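Chemist: Between the sequences and the hints, there should be enough to build the whole structure, so can you do that?
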Amino acid sequence: MPNKKYVCIICPNSCEIDVEYSGKNITKISGQTCKKGEEYTRKEFTSPERGLTTSVPVHGGTIPLVSVKTSKTIPKELIKDAMAEISAARMNAPVKIGDPAIKNILGTGVDIVATKNVPKK
Amino acid sequence: MIRKTVDVAVVGGGPAGLSAALSAKKNGAANVLIIERGENLGGILNQCIHEGFGLESFGVALSGPEYMQRFIDDVEKHRIPYMLDSMVLEVSADKKIIVSSKEGLFEITSKSIILCMGCRERTRGQILTPGTRPAGVYTAGAAQNFINLKGYRIGEKAVILGSGDIGLIMARRLTLEGSKVLAVAEILPYSSGLPRNMAQCLDDYGIPLYLSHTVTEIHGKKRVEAVTLAQVDERFKPIAGTEKKIECDTLLLSVGLVPENELTRKAGILIDEQTAGAVVDEDLQTSIPGIFACGNVLHVHDVVDYVSLEAERAGRSAAEYAQGKEKKPQTIKTTPGEGIRYVLPHQLSADSDVKLSMRVMAPARNVKLILSDGDRVIKTLMKTRVNPAEMIQVTLKKNELAGCKKIIVMLQNAK
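Line by line, the protein sequences are chains A and B. The opening residue of the first sequence carries number 0 in numbering that gives the first Met the number 0; numbering runs sequentially from there. The opening residue of the second sequence carries number 0 in numbering that gives the first Met the number 0; numbering runs sequentially from there.
Among these hints, one or two may not hold up.
[What the hints assert, rightly or not] DSSO-like cross-link-like pairs, simulated, lysine-lysine; straight-line CA separation at most 30 angstroms:
#1 K149(B) with K120(A)
#2 K3(A) with K149(B)
#3 K79(A) with K179(B)
#4 K42(A) with K382(B)
#5 K179(B) with K4(A)
#6 K243(B) with K179(B)
#7 K367(B) with K34(A)
[Stated by the list, open to error] These stretches of chain B come out as covered by chain A in the derived footprint (C-beta under 8 angstroms, 3 or more residues):
#8 48 to 62
#9 147 to 159
[Claimed, not checked] Far from chain A by the CB rule (all over 10 angstroms, computed), these chain B residues:
#10 I186
#11 P194
#12 A198
#13 E233
#14 S371
The set of hints was computed from the structure by calculation and includes no laboratory data. The structure displayed is predicted, hence computed values, not measured ones. The beta-carbon is built from N, C-alpha and C at its ideal position, and this holds for glycine as well.
Modeler: Given below as structure tokens:
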């Protein structure tokens, strides 16, 4: 049976997970120490997704940049396009954690949201 | 000089400082004060915009700023006063703190003090990289600050020396920002970062990692023009003939962190040369009664959640000391044995359960972690893999400590 090895990125434990598969189906998963690890590996085998964190310029704030993240993971192959769209975004102070910088990025249903409070200058 | 008196003074307003201050307050210290050098509370986590913080404490993966905001909100809620832009110049053994701030020079007298100054990056000077001294050589943390807090583009083509977590995180960050990361070189035969960061920061972006490699020369007059990489032997000496010159304009250094203990040493507090942090007992009290240490100033942690938890303990101890609570003698000494780099705390009381923190010397698989008192094995734990990048924590129960004079921790092959 062919197999693939994964390093789980969910938590610092970094479990090494072994997947046996035939065609597009997983036949055995081993090495994970929690349910999240198994979910991650199944997803990673079929359609890998990642969270994305970066920053966006903010107008009129006490600091020049606000950190942002994807509200949920997005398909790995969209990371580059998402970065291109985020690089054009701007926010206005005051910004609160959770405020959207971009809604529904690339039609994924996922928002780009602030992860820092930026008060007005 | 402006004079002030408090119950618990906390030096540093980063992850350790805020958690320690909150814990001191919640454990009955009436008058707590946080002294922070920077413009904001939160310390280094303000620039750690990536995710993965808080899994242990909150059960969710947060970015650095989100993780810190939870503590900052709590500090505000409990009305704990803090001084910003305030540099502690001296901590003395009689628990007086000299602070330089915009309002002037302060002398703060405190019943107890918690040291939470964090750590610093090792620099080019500390690893003695030969070559010219052009612009474009940054520590990974300085690069992180420039990119994430100031929005600077720091370079187009980068090489990263050292595979510590900040270096790996920055490899991804530079790539996302449109720079090309040509190589990560690590002098050790294994990565010094967490495996998950190898996977999501290097493998995801096809960035090559050269193990047992180092930078033997930096080229360029005004700006970095290239670096020479070479393979090293088991004594970390470059092997002749393995050199390759890589054209780049930027070199990032992620070559380790050192606890920032200038104040600690000046106060005359005993330092463990292995951790480069204070020698502490299970209350996280240093060799000077009433002065406590926690977080990265005590020993460099892998995960911030463990910093917060350790700081809670220090905060509680500092509050108890300030309230004059009697302390149990701590006569059990801990010692790192075969395969273990360090064990903390250094002294235990056998009066309560205690959590030991330790790191191994080298990666290994299928090993036994053995805790003994020299004659008798107290606890054995099987580990399928251990890694110097990951801190190991083991809890010893009060009854397991009864009658022990010392605790030796060692690794043994399980087969």
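Chemist: Could you run down the list of hints and mark each one as holding or not?
Modeler: Checked hints:
1. K149(B) with K120(A): holds (16 angstroms)
2. K3(A) with K149(B): violated (41 angstroms)
3. K79(A) with K179(B): holds (14 angstroms)
4. K42(A) with K382(B): holds (27 angstroms)
5. K179(B) with K4(A): holds (27 angstroms)
6. K243(B) with K179(B): holds (18 angstroms)
7. K367(B) with K34(A): Between K367(B) and K34(A) the Cα gap is close to 26 angstroms, so the pair holds against 30 angstroms.
8. 48 to 62: holds (count 8)
9. 147 to 159: holds (count 4)
10. I186: holds (21 angstroms)
11. P194: violated (4 angstroms)
12. A198: Given that some Cβ of chain A is not farther than 10 angstroms from that of A198(B), nearest at about 4 angstroms, it is violated.
13. E233: For E233(B), whose nearest Cβ neighbour in chain A is about 26 angstroms away, the distance exceeds 10 angstroms, so it holds.
14. S371: holds (26 angstroms)
Hint compliance for this structure: hints 2, 11, 12 are not met, and every other hint is.
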